[in-house]
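**Q** Top to bottom, those sequences are chains A and B.
Sequence positions in the first sequence follow numbering that gives the first Met the number 0 and run 0 to 136.
Sequence positions in the second sequence follow numbering that gives the first Met the number 0 and run 0 to 452.
Because the hints were derived from the structure by calculation, they are not lab data.
Treat the hints with care, as some may be off.
[Unchecked claim] The calculated lysine-lysine pairs, modelled on DSBU-like cross-linking and capped at a C-alpha distance of 30 Å, are:
1) A:Lys83 with B:Lys176
2) A:Lys111 with B:Lys281
3) B:Lys176 with B:Lys221
4) A:Lys41 with A:Lys73
5) B:Lys176 with B:Lys82
6) A:Lys48 with B:Lys107
7) A:Lys48 with B:Lys360
8) A:Lys111 with B:Lys107
9) B:Lys82 with A:Lys73
10) B:Lys221 with A:Lys73
11) A:Lys48 with A:Lys1
12) A:Lys111 with B:Lys141
13) B:Lys281 with B:Lys216
14) B:Lys40 with B:Lys82
15) B:Lys107 with A:Lys1
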Amino acid sequence: MKPIYFFLPLVCAFAIFSFRIYSTPIPNQPQFDENTLGQIAKGKLVYQKYNCQSCHQIYGLGGYLGPDLTNCMKEGRNGELLIKTLTQVGTTQMPSFPISESEMENLIAFFKALDQTGNSDPRHFIVSSNGMIAEHE
Amino acid sequence: MNKWETNFAKLFINTALLMLLAGILLGCLAAASYIWPGFLKQDLGFISLRPMHVSAVLFWILLGASGCVYFGLNQNLPNSINKHLALTQWALWIIAIMGIFFSYFQGKFGGREYWEFEPIWALPILAAWILFLIQFLVQARKMKNWPVYVWMWMTGILFFVFTFTENYLWLIPGFRKEIIGDLTIQWKANGSMVGSWNQILYGTSIFLMDKISGNNKTSTSKVAFFLYFLGFFNLLFNWGHHIYTLPTQPYIRPISYAVSMTEWVFFAKTIYTWKNQLSEAKKHFSFFPYRFLLATNFWVFLNLIQALFMSIPALNLYTHGTHITVAHAMGTTIGINTMIIFATAFMLYTNPCYNFLQGNKQLNRLFWLLQLGLLVFWVSLLGAGVEKGLWQMAESRGNFGDMMNHLRPWFIGFFIGGILLSIAIIGLALNLIWAYIFCRKYPEKEQELKPIE
Ligand code: HEM
């Protein structure tokens, strides 16, 4: 059989798979109003503009010099103050950033929303014997 | 044969070598932050050095892979490369590289992991790859019954264009609003993109093996095609193993787990062909291109075991977000991608004008230093990753800063390994560049390798 007869079906399957991923909303996600959604989209750009990702992770993805920030806004942590102070004064490793007030507002909105999307702590998963994992209810 | 044409392979490989030299220097500077916290923080700092390092070495791989394909095309179809297309492709790369490093130096970012530069500079890169795709298809159409490596090159180039574009969907605000959907697409694109340059480079290693062994048994066999399709299948569907812990579409996790596990076949194949390779190895060991391919096999073996274990979700809880992932990323990009490009570069510059290859003591030492340095580097990163993994899964976790302090001995090993392997890479790269310059001085002595019949 010619290789193209294997190649094309694989490409078609991939196209369908990709389209599904782009078009179906993720289940069990919080619903935000339009205003917040706009802030999220802008806040993510602030995160990118100041390159927080070179040291920090979101759901374990990113650079490795600093801690994961997915749930830095978790209740009882006073995350807003933490972000504002740390980005203003920096730490030994982390530089300070000239983030404007409106940028900060969007960045905070992004982190708040991010916290509500789930829990990045790997300890909350239940492991089954076939190696699979599932979210703890 | 037309000199000007082989020069495209040389042009791309030489440019790639310069990126490699810059990349390792920037890597060592970035790693210094692990040893001396806050290193150069006020000037460049880790925040700029990491993206500069990652961009430079990725460009080494992408330009190197392009050079490998040009080398192969020219061997299969002498005198047929479209010069204008190839030159424009190269010029677009140069524009992108200058723009990207200029903006990094100014502290301007705006992109995402691995592509942290301002997104505008992605345009010349994309355009260069589209031209490359056109060039490739025009040339490859002239060939009948493609050997497997031509399929792999086509797949790699085509899917690079696709995944690189997909990687920028976030520019559309609608995609960014869906935080989890956006992250899913980002790592879908990145995961498959790595698979696509791997297709180009694994294809190249098969092509080189053909040339070295003097027959095309490997590249036309059923097994080779089977493995190619298995690799392609993984490129398309295994990327979910990067995001097991992300609360995304529930079907992604089981699909990518199941698909990733099919890679045990590659593992079994490596073991199965081990003995054959050993006898062949004895025959060709003094030939540097072959030796780099052999080194590739060794690193494929180590990295594949690691990757297979990391792709089991239960173990991924420990390895995700730790330096085990960094060990995997650099273990594969250096141990596999870099070794294959070196193999091609040595092949390209092996000719009677500069035959520096057989029994050269200095090169021999550099080769082994590279392997040793990489081993120290890789093991240290693994060590740091295992400790962090245990920390992140421990019932009561200590403070992040204390944990990082605790990893210091591993980071020192990582730094030393990095310096060793940088010395080796500098030596090898200078040898290649010297061979290039030397042959240009005495062009009458240069004889090209014979094209494949
Ligand atoms: C051919 C040589 C090299 C290649 C292809 C390479 C490739 C890479 C890649 C792909 C990454 C991203 C890893 C990830 O995010 O998981 C990375 C990160 C990094 N590399 Fe390299 N690398 C090379 C040499 C070096 C050397 C010699 C050093 C010096 C010690 C170095 C130090 C680093 C550091 C510090 C990071 C950032 C890790 C972090 O986020 O904490 N690299 N490299």
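**Q** Taken at face value, is the distance from the CA of A:Lys73 to the CA of B:Lys221 at most 30 Å?
**A** violated, 55 Å
**Q** Hint check: A:Lys48 vs B:Lys107, CA-CA at most 30 Å. Holds or violated?
**A** Holds. A:Lys48 to B:Lys107 sits at ~7 Å (cutoff 30 Å).
**Q** Given the hinted pair B:Lys40 and B:Lys82, is their Cα-Cα distance within 30 Å?
**A** Roughly 45 Å separates the two Cα atoms, so the pair is violated.
**Q** Is the straight-line distance between the alpha-carbon of A:Lys111 and that of B:Lys141 30 Å or less?
**A** violated, 57 Å
**Q** A:Lys111 and B:Lys281: Cα distance at most 30 Å?
**A** Cα-Cα ~61 Å, so violated.
**Q** Quickly compare the C-alpha distance for A:Lys48 and A:Lys1 to 30 Å and report which way the hint goes.
**A** Not OK: A:Lys48 and A:Lys1 at ~48 Å, beyond 30 Å, violated.
**Q** Could you grab the alpha-carbon distance between B:Lys82 and A:Lys73 and see if it respects the 30 Å cut-off?
**A** violated, 58 Å
**Q** Hey, B:Lys176 versus B:Lys82, does the alpha-carbon distance stay inside 30 Å?
**A** violated, 44 Å
**Q** Just to be careful, I want the Cα atoms of B:Lys281 and B:Lys216 compared with a cutoff of 30 Å; is the pair within it?
**A** Roughly 20 Å separates the two Cα atoms, so the pair holds.
**Q** Next pair to validate is A:Lys41 with A:Lys73; report whether the Cα-Cα distance is within 30 Å.
**A** Holds, because 21 Å separates the two Cα atoms, which is no more than 30 Å.
**Q** Hey, B:Lys107 versus A:Lys1, does the alpha-carbon distance stay inside 30 Å?
**A** violated, 49 Å
**Q** Given the hinted pair B:Lys176 and B:Lys221, is their Cα-Cα distance within 30 Å?
**A** violated, 46 Å
Checked against the numbered hints given earlier, this structure breaks hints 2, 3, 5, 7, 9, 10, 11, 12, 14 and 15; the rest are met.
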